[in-house]
Amino acid sequence: MLKLEEFDGQIADCFLRASQVRDRVNEKLHKMADLASDHMDQIKGAVANGAKRLLHYEELPIQWRNNEHILTGYRFLNSTAECWHSLLYVHNETGNIYTHLFGLVFLAMVGTYHLLYSPVLSDIPLSDKVFFGVFFVAACKCLLCSTVWHTLSGISDLQTYRKVACLDYVGISVLICASIILCEYYGFYNHDIWRNTYITATGSMAILGVAMPFMSWFDHSERRWLRTMFFVVMASSAVVPIIHLCIANGLQETANFLSPFSKSISSYIIGVIVYSNQLPERIWPGKFDHFGHSHQLWHLFVMGGIWFNYTAIFHMVNLRETYGQNNILNTTTTTTTTI
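In case it helps, the working numbering puts the sequence shown at residues 50 to 388.
Hint data in this document are derived by calculation from the structure and do not stem from the laboratory. Mixed in with the good hints, there may be bad ones.
Within a straight-line C-alpha distance of at most 30 Å, the following computed DSS-like cross-link-like pairs (lysine-lysine) qualify [stated by the list, open to error]: (1) K178 with K336; (2) K312 with K190; (3) K93 with K212; (4) K93 with K312; (5) K190 with K212; (6) K178 with K190; (7) K212 with K101; (8) K101 with K312.
Here are the in silico distance ranges between beta carbons for each label pair [what the hints assert, rightly or not]: (9) T161 with W274: 31 to 41 Å; (10) E271 with L164: 22 to 32 Å; (11) D172 with N245: 23 to 33 Å; (12) K336 with A130: 30 to 40 Å.
C-beta: ideal position from N, C-alpha, C; glycine also.
Please construct the entire structure, taking both the sequences and the accompanying hints into account.
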């Protein structure tokens, strides 16, 4: 009898707990519904206000908030056509758009001229022109993707917003890998096996860099640090072939060969530091809303990095036949062949 009463008590406890769980679930569902309703109201309000004026940071829906230190000048537009029309007036993306749009036009003109008329590039083998073309196209693609992203970043459709954000990340990934591939091609110019091995590895990394940005978690604003580290790690992969070149050709000869890249690397590093720390707007919120904020400075440093990298190509082309002629790799190959 006592066991039956205990069993009845346990059943009653189970029903009570189930009822409590149901109540908690219902409460959470109601809260989620309220949040969704508030979110839709916020989007509708932002769209209505965005059709008439630029918005304050606090007026943006949460998914569109990326930098709390830039307080004003935000677009929130209904269509891509309105976003393209925003090229004609000033907002907080204007500097981001035109730094890379002008850079794109300049690089396209200079690169085309050098490829067709430069005595250095016009006489190089076809394979050299192909790898120059890879870097040239990657640099132009990076600037083009960036221009498109910053132009369309004022769109109110979240799906479109996230897709065009991926364009920017893809452009950066491809540029980084193309820059590394160019160094690998000329660094191991006289050693096909190592050259092809490193280029294949970097090309595989480029594929990863194209795929990852389209993963839903990659673009979240709270993962800015993760995106930054992803690109830093990708760029740092160049350390492996550089160490290899130092061992094979000697530190001094390799330093002379790669010295023009020091300006490019320095430009990128300074840009990453400025961008990741949101300087100077973190120190003076609201003072650099339209011009001079970290993303615009990052764009200028990227342009510097691309240009210094571009000019380094001519240095590598001139040394491609002589660099590494007497290195360990060739000595080993010659010895093996003799035996």
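Hints versus structure:
1. Straight-line distance between C-alpha atoms of K178 and K336 comes to about 46 Å, which puts the hinted pair past the 30 Å bound.
2. This hinted pair checks out: K312 and K190 have alpha carbons roughly 22 Å apart, not beyond 30 Å.
3. Among the hinted pairs, K93 with K212 is consistent with the structure: their alpha-carbon atoms are about 21 Å apart, no more than 30 Å.
4. Between the alpha carbons of K93 and K312 the distance comes to roughly 47 Å, so the proposed pair goes past 30 Å and is violated.
5. Among the hinted pairs, K190 with K212 is consistent with the structure: their alpha-carbon atoms are about 16 Å apart, no more than 30 Å.
6. Restraint check: the Cα-Cα separation between K178 and K190 comes to about 18 Å, which is no more than 30 Å; the hinted pair holds.
7. Between K212 and K101 the alpha-carbon distance is near 25 Å, which keeps this suggested pair within the 30 Å criterion.
8. A hinted pair counts as satisfied when its Cα atoms are at most 30 Å apart, and K101 with K312 does not qualify at roughly 44 Å.
9. A C-beta distance of roughly 38 Å is found between T161 and W274, which places it inside the suggested range of 31 to 41 Å.
10. Look at E271 against L164: about 43 Å separates their beta carbons, and that is not inside 22 to 32 Å.
11. A beta carbon spacing of about 24 Å between D172 and N245 agrees with the range 23 to 33 Å that was offered as a hint.
12. K336 and A130 have their C-beta atoms about 32 Å apart, which keeps the hinted 30 to 40 Å range intact.
Comparing the model with each earlier hint shows violations of hints 1, 4, 8, 10; every other hint is respected.
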